[in-house]
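So the protein sequences, as listed, match chains A and B. First residue of the first sequence? That's 1 in our numbering, and the numbers climb one at a time after it. First residue of the second sequence? That's 117 in our numbering, and the numbers climb one at a time after it.
A portion of the hints provided could be inaccurate.
[Unchecked claim] Calculated pairs, BS3-like style, for lysine-lysine (alpha carbon to alpha carbon, straight line, at most 25 Å): (1) B/K223 x A/K41; (2) A/K55 x A/K14; (3) B/K119 x A/K42.
These aren't lab readings, by the way, just hints derived from the structure by calculation.
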Amino acid sequence: GAVVSQHPSRVICKSGTSVKIECRSLDFQATTMFWYRQFPKKSLMLMATSNEGSKATYEQGVEKDKFLINHASLTLSTLTVTSAHPEDSSFYICSASGQGAEDTQYFGPGTRLTVL
Amino acid sequence: DAKTTQPNSMESNEEEPVHLPCNHSTISGTDYIHWYRQLPSQGPEYVIHGLTSNVNNRMASLAIAEDRKSSTLILHRATLRDAAVYYCILIPSGTYKYIFGTGTRLKVLA
């Protein structure tokens, strides 16, 4: 199946700093990438959707200035958590679909962010 | 948004078949039914998907009711590695959003 990687797998940062998470599709071109967050014992919640070369579409309640998304190529999307605070600590997961937005999504392994 | 209902948890003995149910009574005619599973501290893993007909792949089988208001994911022989949270997701017609419910936590007993 299609492989999606994320880097880093875990990151610890101080409050007020920014953190960048990379999401790559390794063996297919991803026209659309998605970012989710997941709190402990909870389900995944979609944060935003990005298409290559376009601005991301954010879900209601997600601050676009806080969670900056860039989808510069068909294999790479980045999520930057700006001025991180402890409440941003979560498990961030990306997914990618290869043949249009309605295609099956393949998920990355996730990034555990801890903000001190 | 199309909703799904799954039992919170299920148990199975190793080497035995497991039937994971999902109700989706508000499904639309063109909504696909997708199943994913998530192991602890990992991203969801694609399992199988279908529209109307039953589907089989190397991981599992998907049985879809004739009226499409429910479906069942079938693991033919559960192993300890199958212990995970299983999500049944409808892809709403004309959109691409995955709306994750609470899923079913499957426990496999040795």
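Hint by hint, here is what the structure shows:
no.	hint	in the structure
1	B/K223 x A/K41	15 Å, holds
2	A/K55 x A/K14	28 Å, violated
3	B/K119 x A/K42	17 Å, holds
Violation of the numbered hints given earlier is confined to hint 2; every other hint is satisfied by the structure.
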